[in-house]
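Take the given structure of chain A and dock chain B to it, following the hints.
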Amino acid sequence: MADMRVRQAIVQALSDEMSEDPNVILFGEDIAAAEGPFKTSEGLLEKFGPERVRDTPISEMAFTGAAVGAAMMGMRPVIEIMFMEFLGVALDQLVTEAAKMHYLSHGEYSVPMVVRASNASGLGFGSQHSQTLENWVVATPGLKVVTLSDPQSAYSLLRAAIREPNPVMFLEPRILYAERGPVDTSIKFEIGKARMIQEGNDVTIVAMGNMVNVAKQAAKQIDLSCEIIDLATLVPWDRQSVLESVGKTKRLIVVEEAPFSGGWGSEIVAAVTANLFSELIAPPIRITTPDTPVPFSGVLEARFTPAPDDVARQIKHLVETNQAPKPWWVMEGLL
Amino acid sequence: MNNSISRREAIRTDELAWYERMLEIREFENQVNALFASGSIRGTTHLCNGQEALDIAISSLLRSDDVVAATYRSHGIALAMGLTPHSVLAEIMGKATGCAGGVGGSMHLCDKSVGLLPTSAIIGGGMPIAAGAALSFQIRKEDRVALALFGDGSTNIGSFHESMNLASIWKLPVIYICDNNVYGEYSRINITTPIEDLHIRAESYAMPHEQVDGMNVYTLREALERAISRARSGGGPTFIEAKTYRFAGHSRADQAPYRPAGELESWKSRDPILVLENQFKESGKLTDDSITAKKAETEKRIAEIVQEVQNDPEPLVGDIFKNIWAESKS
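For the protein sequence lines, the chains are A and B, in the order given.
Numbered per our numbering, the first sequence finishes at 335, counting up by one with no gaps.
Numbered per our numbering, the second sequence finishes at 1330, counting up by one with no gaps.
I should point out that these hints are in silico values taken from the structure, not numbers from a laboratory.
Treat the hints with care, since some could be wrong.
Stated by the list, open to error - SDA-like, lysine to any residue: derived pairs with alpha carbons at most 25 angstroms apart:
1) B:Lys1112 / A:Pro141
2) A:Lys193 / A:Val269
3) B:Lys1112 / A:Asp21
4) B:Lys1112 / A:Asn23
5) B:Lys1329 / A:Gly192
6) B:Lys1171 / A:Phe48
7) B:Lys1112 / A:Gly107
8) B:Lys1171 / A:Pro22
9) B:Lys1171 / A:Pro57
10) B:Lys1171 / A:Arg52
11) B:Lys1171 / A:Glu46
12) B:Lys1329 / A:Asn23
13) A:Lys248 / A:Glu267
14) B:Lys1300 / B:Asp1288
Said to hold, decoys possible - Every beta carbon over 12 angstroms from chain A, so not counted as near; a handful from chain B, in silico:
15) Arg1012
16) Asn1030
17) Gly1039
18) Glu1162
19) Pro1194
20) Ile1200
21) Asp1213
22) Asp1254
23) Arg1259
24) Leu1264
25) Arg1270
26) Leu1286
27) Ala1296
28) Thr1298
Here the structure is a predicted model, which means the values were calculated and not measured.
Backbone N, C-alpha and C fix where the C-beta goes; we use that ideal spot for every residue, glycine too.
Pulled out of the complex, with its shape left as it was, chain B reads as follows:
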């Protein structure tokens, strides 16, 4: 049922798969948006349109024994790491076939086989957890790394500062990646934060840091490669600030009327899918025809998955009582 691992390997080995997966994430989010608007998804959703390059860069470089602690805006990273659109959409729709059996929902995605820890709906929630996972790798002398992915809003919560400090003094193999998408919920960064270049916050923790273009898979990969190699070789943590932009509103039906005029359009001209498309066209990996075909194929495939998931079974009432307590092995 679950082919997360093969989908994960595809991203690690095949550059064209990066493009295809970005198309998949974008189309997936568009369909989630439509399903929410039509009342087919309850609760909430947080879309990642515009931030796909970061999800791909991370998944293309980490090994499947590395772990990622991400947030409630995680449909993209989950798909990039290999979870199937079926299992993610089923979770978002509360179906028994979802990656958490339907008890998690949109904000709580997980797949141990590819290293996606249960995503947290609490700002800053995953950051110390990533540090702790990294601590276990360090103690056991494993060359694995932990990565925490979070938004710009998270850099104002105590957990961020405590985790950065702890990771630095213990030289943990952890990578903190801030997806600076300019908005924390409904507020633009300038309203909530005295600086817009967040990577400099790492300076006070004596942690190596850099700022990168978050719309370009290749520049992101270069920064991540440096960070991963530092972590694997015992050099400790790194803070990366990826400059992206949240094309969607914060959640649910938010249309983001609070954006300054022209800001969205300006960022959309550097849509990460367009950026990669142009790079691949130049190198001959893609043509206008193959792009059209891939887009059509993606739309068709996601539409079919939407149909399948809508027909999937609901969880059983007894599922309420499952997985509250872990059983003793001895």
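Pulled out of the complex, with its shape left as it was, chain A reads as follows:
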């Protein structure tokens, strides 16, 4: 058991996989000589050499596609998209090529590649470098989608993603890179399995990425028994764990760092409602960002992103009244 930062856990996972499997290769912008813009490949060029750790031109389409081709030939490429927004110019290769190859080849080819991308708000990068864009790829059969939430999941989830025979979108909330915590390198995660963060009886809180930490902080502020589930894998999400939990608590809150409209939390709410309708004692709700771009100002960004105080208010309201709380922007008459 070691104490490490999220970015160090990522380096450790990459290093351990590269040591065990010579087919694992890394490429992306500034990941080799500069060791990654967020230092997530520190020391790897020196350890594994320039054949396996490569800097690319600023050509996301080309290097994402190159990962698809290399994976089809039996390599296990792990590529880095510096900010998830940059996937916009490479989306074809992930959604329309990588995710279709097994299907279109009648099962002859598979694409064991990992696309790592930093995402989410909180560091003042403005509206084109702070989005949480998993909703871009969530409706793509053939592509798995996961998000880390702490150093342990950074390590264990990344190792599982690299061993996965299908393409995986691996999301890294940028605000967590410096977070420190214990990592047990013997712990194995399974793609598709949610993590029980804390057990409780009053309400089930489903979250992902940094919203897991926000939910934990919120739960500490109130005197209620909150069950917190880190979804970890968004595609395919762990239906069974969520349904079992809500079957027990009878209440559901999804905390989702993404715009209110069109988010994956609606999928969770729909499944829970359809399966447990008569058992619920309160309407399932989602706590999200407003339907706006991410603002730059520190004051504005702090309000934009679901924050512990506001999440605590909404949990309390739901559990105490069994009525849906209003989002802050509705309470304050802003929208």
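Quick look at chain B alone, frame taken from chain A:
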């Protein structure tokens, strides 16, 4: 059921097979056109009439452990690489016996045994994938090559430029072959592109390049041999522009009314099948009689295959759920 590999070897070893396979591709496309017109094929088709020499040249030189990333206009390259007319037509007709079990259709053909990657219906889609396959060969120190085959329209999409740049800086064993058939969908090249000699685009990527007559198997083979040998020996990528002409419209029922008068006729006088026929007649490999016999045999064989495929089973409903996810081996 699948004799792709023996058909592939025939093209690699037997020059007469080049001619026979070109006749097969032409007749196959003519029948696909007729089946589409009669409503027996749904969706879309993109015919390759006039471009057969390139498909043959590529297949005659690559090994079956090399890989090809091609496009939605791939009936010809698939047949040339060895896929059977039965499995290709069955795929085009959505039958269970198709090379992708009927879930792919005309634009998505594949056969791993001969190195045909799933063909892409996205312009530029296969180009970085070929670079990536080549990267894996380079890292593993294998002397295999990857080849991307695409049309002139693809040279205006970002993927082309990004892939050329990446292949060049990494010296990848990849060959980019542009089938410059003069038309990108419904638009003539002069409307969409400021130059018509596309090979010069490789100059800015410091990539060796050449332009060749795309209607002549032999000239194409000479250029390809240079490129393949460069790639296998660690010399990096090559860009080849093959000057061909699309005898058919872009897709479906397009009759290409936008062509300038006389252009099609002028190119048809250099039909690649005619060019090879004349070369073989001069060298004594073919006679008028043997040509007539081969054409008749091809028509008969393809007609029989059309009958067989029409009677083939449809996929089962459960096939919708197959091959979405690869299974873990460990």
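A quick look at each hint next to the structure:
Restraint check for lysine 1112 of chain B and proline 141 of chain A: the C-alpha separation of about 22 angstroms stays at or below 25 angstroms, so the hint holds. Between lysine 193 of chain A and valine 269 of chain A, the direct Cα distance comes to roughly 18 angstroms. Compliance with the 25 angstroms bound is thereby established for this hinted pair. Straight-line distance between C-alpha atoms of lysine 1112 of chain B and aspartate 21 of chain A comes to about 24 angstroms, which keeps the hinted pair within the 25 angstroms bound. A C-alpha spacing of about 20 angstroms is found between lysine 1112 of chain B and asparagine 23 of chain A, which places the hinted pair at or below 25 angstroms, so the restraint holds.
Between lysine 1329 of chain B and glycine 192 of chain A the CA atoms are separated by roughly 17 angstroms; this keeps the pair inside 25 angstroms, and the hint holds. Restraint check for lysine 1171 of chain B and phenylalanine 48 of chain A: the C-alpha separation of about 20 angstroms stays at or below 25 angstroms, so the hint holds. Restraint check: the Cα-Cα separation between lysine 1112 of chain B and glycine 107 of chain A comes to about 10 angstroms, which is no more than 25 angstroms; the hinted pair holds. Restraint check: the Cα-Cα separation between lysine 1171 of chain B and proline 22 of chain A comes to about 21 angstroms, which is no more than 25 angstroms; the hinted pair holds.
The hinted pair formed by lysine 1171 of chain B and proline 57 of chain A meets the criterion: a straight-line CA distance of about 14 angstroms does not exceed 25 angstroms. Under the criterion of a C-alpha separation no larger than 25 angstroms, the hint pairing lysine 1171 of chain B with arginine 52 of chain A is consistent with the structure, at around 15 angstroms. The hinted pair formed by lysine 1171 of chain B and glutamate 46 of chain A meets the criterion: a straight-line CA distance of about 22 angstroms does not exceed 25 angstroms. For the hint pairing lysine 1329 of chain B with asparagine 23 of chain A, the CA-to-CA distance comes to about 15 angstroms; that is within 25 angstroms, so the pair holds.
Under the criterion of a C-alpha separation no larger than 25 angstroms, the hint pairing lysine 248 of chain A with glutamate 267 of chain A is consistent with the structure, at around 20 angstroms. At roughly 18 angstroms between alpha-carbon atoms, lysine 1300 of chain B and aspartate 1288 of chain B fall within 25 angstroms of each other, so this suggested pair holds. Consistency note on arginine 1012 of chain B: stated as away from chain A, and its beta-carbon is indeed over 12 angstroms from all of that chain's, at 21 angstroms minimum. Under the 12 angstroms C-beta cut-off, the non-interface status given to asparagine 1030 of chain B relative to chain A holds; the minimum distance is some 26 angstroms.
Listed as a non-interface residue, glycine 1039 of chain B keeps its Cβ farther than 12 angstroms from every Cβ of chain A; the least gap is roughly 25 angstroms. At roughly 3 angstroms from the closest C-beta of chain A, the C-beta of glutamate 1162 of chain B falls inside 12 angstroms, breaking its exclusion from the interface. For proline 1194 of chain B, the requirement that its beta carbon stay farther than 12 angstroms from each beta carbon of chain A is met, with the minimum near 22 angstroms. Consistency note on isoleucine 1200 of chain B: stated as away from chain A, and its beta-carbon is indeed over 12 angstroms from all of that chain's, at 21 angstroms minimum.
Separation of aspartate 1213 of chain B from chain A is adequate, the least Cβ-Cβ distance of about 30 angstroms exceeding the 12 angstroms criterion. Non-interface status of aspartate 1254 of chain B relative to chain A is upheld: no Cβ of that chain comes within 12 angstroms, the nearest being about 24 angstroms off. Even its closest Cβ contact with chain A, about 30 angstroms, leaves arginine 1259 of chain B beyond 12 angstroms, as expected for a residue assigned away from the interface. Chain A leaves leucine 1264 of chain B outside its interface by the beta-carbon criterion, the shortest separation being 33 angstroms against a cut-off of 12 angstroms.
The beta carbon of arginine 1270 of chain B sits about 35 angstroms from the closest Cβ of chain A, which is more than 12 angstroms, so the claim that it is off the interface holds. No Cβ of chain A approaches the Cβ of leucine 1286 of chain B within 12 angstroms, the least distance being about 37 angstroms, so the stated non-interface status holds. With a cut of 12 angstroms on Cβ distances, alanine 1296 of chain B stays outside the contact zone with chain A, its closest approach being about 34 angstroms. For threonine 1298 of chain B, the shortest C-beta to C-beta distance to chain A comes to about 27 angstroms, beyond the 12 angstroms cut-off, and the non-interface label holds.
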